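Top to bottom, those sequences are chains A and B.
Each residue of the first sequence is one higher than the one before, starting from 16 at the first, in my numbering.
Each residue of the second sequence is one higher than the one before, starting from 5 at the first, in my numbering.
Worth flagging that the hints you see were computed from the coordinates, not collected in a lab.
Here the structure is a predicted model, which means the values were calculated and not measured.
Keep in mind that the hints are not guaranteed to be accurate.
Computed list of chain A residues with no C-beta within reach of chain B, every gap over 10 Å [as the list claims (entries may be wrong)]: (1) Asp-117; (2) Gln-199; (3) Pro-214; (4) Gly-241; (5) Ala-244; (6) Gly-255; (7) Gly-256; (8) Arg-270; (9) Thr-274; (10) Ser-302.
Covered, in the sense of this in silico footprint (three residues per stretch, anywhere, with C-beta under 8 Å from a C-beta of chain A), are these stretches of chain B [to be verified]: (11) 25-32; (12) 153-164.
For every residue, glycine included, the Cβ atom is placed at its ideal position computed from N, Cα and C.
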Amino acid sequence: MANSWRRERWDSLRLLTPNWQSRLPGQDYTGPDPDGYMTMGEVVEFIERFALATRAPVRTRTTVTSVRPDGDGYHVSTDQGELRCRSVVLASGACNLATVPDLSAGVPSAVTQVTPLDYRGPDGLPDGGVLVVGASATGVQLAAELQRSGRAVTLAVGEHVRLPRLYRKRDVLWWMDASGVWDQRYDEVDDLSRARKLPSPQLVGTPERSTLDLNALTGLGVELVGRFAMVRDGVALFSGGLRNVCSLADLKMKRLLATFDEWARTSGREAEVGPPEEFPPTDVPASSRLKLDLRTGEIGSIVWATGYRPDYSWLDVPVLDGKGRLRHEGGVVDAPGLFALGLPMLRRRRSTFINGIEDDARDVIGRLVS
Amino acid sequence: MTTVDNGVNVQALLDAREVLRGAPEAAQFTWKASAKWENGVHSTATIKNFFGLGAEQSHKSETTFTADHPEVFAAEDHGITPIEYLLVGLASCLTAGVASVAQNRGIQLRSVESTVEGNHDIRGILGVDSDVRNGFNDVKVTFNIDADASKEEIEALVAQSQKRSAVYDALTNPTSVTVEVA
Chain A
16 MANSWRRERW DSLRLLTPNW QSRLPGQDYT GPDPDGYMTM GEVVEFIERF
66 ALATRAPVRT RTTVTSVRPD GDGYHVSTDQ GELRCRSVVL ASGACNLATV
116 PDLSAGVPSA VTQVTPLDYR GPDGLPDGGV LVVGASATGV QLAAELQRSG
166 RAVTLAVGEH VRLPRLYRKR DVLWWMDASG VWDQRYDEVD DLSRARKLPS
216 PQLVGTPERS TLDLNALTGL GVELVGRFAM VRDGVALFSG GLRNVCSLAD
266 LKMKRLLATF DEWARTSGRE AEVGPPEEFP PTDVPASSRL KLDLRTGEIG
316 SIVWATGYRP DYSWLDVPVL DGKGRLRHEG GVVDAPGLFA LGLPMLRRRR
366 STFINGIEDD ARDVIGRLVS
Chain B
5 MTTVDNGVNV QALLDAREVL RGAPEAAQFT WKASAKWENG VHSTATIKNF
55 FGLGAEQSHK SETTFTADHP EVFAAEDHGI TPIEYLLVGL ASCLTAGVAS
105 VAQNRGIQLR SVESTVEGNH DIRGILGVDS DVRNGFNDVK VTFNIDADAS
155 KEEIEALVAQ SQKRSAVYDA LTNPTSVTVE VA
C-alpha cells in the first residue's frame with residue numbers, strides 16, 4: 016500500500032500541496048499544521064488511515080503482471096494468482112518510469128547517471144559536481160538540496176513553470192484551488208495535449224514556505240545553463256536560449272497572477288488576501304555556459320530530472336497511441352469497461368492531486384454502476 | 005470590432021498543423037543552396053528549389069546572394085560577410101514569427117523594426133588565440149514594435165516568436181553538420 020510514496024521518492028521530499036488540501040472522501044487533514052506540507056512518511060500514514068477507514072478490499076503485496084481482454088471483461092494475472100473482472104480502473108499513476116533523453120548515451124562512462132527514482136539523497140552520489148538536467152519541481156528541489164550539501168551544481172534549464180510559493184500571503188495552490196483554475200475541464204482547454212504534458216511547477220514544500228524559483232537557486236550558488244542539447248566528444252552542449260525560456264516563464268507567471276488578482280477583485284475576496292505583489296524577472300546570467308566538459312572530473316554525476324511517464328508494459332489491451340499515451344476521454348479508456356484515474360488533466364486540472372481523486376472517482380463509479 | 009490583418013494567413017498555418025499531425029512524412033523539408041567561388045573571398049550562392057510535402061518545390065524565382073568580406077579584411081567587398089547572412093536570417097525569421105503570432109492572437113501591428121548585433125572576436129578565425137571561438141560570442145536583437153497591444157503582450161509576442169523560430173533554434177542549439185567532397 017502507498018508503494019510509490021514509500022519506495023520511489025527521495026528522502027527529503029514533501030508534498031507540494033499544503034496539508035489542508037490533502038483530503039480524501041471523508042478524510043480531511045485534522046493535524047496542527049494545515050499550511051505545512053506532508054513528508055513521505057506522513058503521506059503513507061494518511062493513505063494507510065484511509066485504507067483502514069474504508070476497509071476497501073485491497074490485495075497488498077500483489078503485483079499485476081498482465082491485464083488482457085477476456086470475453087466481455089478482462090483477465091488479470093498477478094504474482095499472487097489470476098483474476099477475472101468486468102471492468103478495470105487503471106490507477107497506477109503517471110510517474111512509474113523516469114524519462115531520460117537519448118543524448119544520455121553519449122555521456123562518458125566515468126560520470127554516474129541517476130534518475131529521481133534512484134536518488135535518495137546527496138550522500139548517494141559520487142564526489143564531484145552535479146549536473147541536474149531539468150528545472151521542474153524535481154529538478155529545482157534536487158539542485159537546491161545538492162548545492163546545500165556542499166556540491167557545485169549546474170542546472171540545465173529548458174521550458175519551465177515558475178511560481179512563487181506564496182502570493183499575497185496565500186499559498187499559490189490556494190489560489191489555484193479557490194479561483195477555479197484547478198476545476199478547468201479537459202474539454203475546456205485550448206490545447207489538451209499541451210495541458211497534459213505541462214511540466215510541474217517550480218515548487219517545494221518546506222516548513223519555511225519558501226519560493227524555489229531560478230532566482231532562489233542562483234542565490235544558493237547554483238549555475239544556470241540552457242537546455243541540455245547534445246553531447247559531442249564527451250562535452251555537454253547547452254542551448255543558448257536560456258534567456259527566452261526564462262522570459263516565457265516570467266510572462267506566464269505574471270499572466271497567471273493577474274488572473275488571480277482579477278478573480279479576487281470580481282469575487283469579493285480582496286479582504287482575505289494581502290496586497291498585490293510583483294516579483295523581479297528571472298536573473299539570467301549575462302552569458303551562460305554553452306559547454307561543459309564531462310571528461311575532466313568536474314562533473315561526477317548527472318541527475319536526469321527530465322520527467323516521468325506511466326508504465327503500461329503489463330497492459331495487454333491496444334489502448335495506447337503512437338507515443339505510448341493512454342487513449343481516453345476524461346478517464347473513459349478506448350476499450351469497454353476500462354477506466355483511468357490519477358493522470359495529468361484526466362478530467363480536470365486537479366486530477367493528479369490527492370484532493371482531485373474524489374470527483375473523478377465518483378464519475379467513474381457512476382459509469383460502472385450505470 | 006475591426007478585423008486584425010497583418011497579412012498572415014494564420015488559418016492556412018493552423019490547417020497545415022492539423023494535416024501534418026497525421027502525416028509527419030509530408031512535414032520533412034530539405035532547403036537547398038548552391039554556392040560558387042568567384043574570386044578571392046567573393047562567392048555567389050543561388051537558391052531556387054527545395055523539397056517538401058513529399059515533392060520537389062520551387063520558389064517563384066531564383067535568388068542570387070553575393071558574399072564577400074569588407075575592405076578592412078583586405079577584400080573587395082562585393083557583398084556582405086557570410087556571418088552577416090546569419091543576422092539576416094535571424095531577424096527575418098523572428099519578424100515573421102512576430103507577425104504570425106500577432107495575427108493568431110488578434111493583435112494589429114503597425115510597425116515592427118529590429119536591430120540585430122552579433123559580437124564577434126575575429127581572433128578566432130585568424131588563429132590568433134585558440135581559446136577564442138570562430139563564431140559569434142553573443143547575439144543581441146532589439147525590437148521596436150508599434151501595435152494595438154500592451155507592453156507585456158508585445159513582450160509575449162517576441163518571446164513566442166523565439167520559441168517557434170527555426171533560425172533562433174539553429175543558432176542557439178548545436179546542429180550536426182557534415183561537409184564532404186563529392
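We went through each hint and held it up to the structure:
no.: 1; hint: Asp-117; result: holds, 14 Å
no.: 2; hint: Gln-199; result: holds, 20 Å
no.: 3; hint: Pro-214; result: holds, 14 Å
no.: 4; hint: Gly-241; result: violated, 7 Å
no.: 5; hint: Ala-244; result: violated, 5 Å
no.: 6; hint: Gly-255; result: violated, 4 Å
no.: 7; hint: Gly-256; result: violated, 4 Å
no.: 8; hint: Arg-270; result: violated, 8 Å
no.: 9; hint: Thr-274; result: holds, 13 Å
no.: 10; hint: Ser-302; result: violated, 6 Å
no.: 11; hint: 25-32; result: violated (count 0)
no.: 12; hint: 153-164; result: holds (count 5)
Hints 4, 5, 6, 7, 8, 10, 11 from the list above are not met by this structure, while the remaining hints are.
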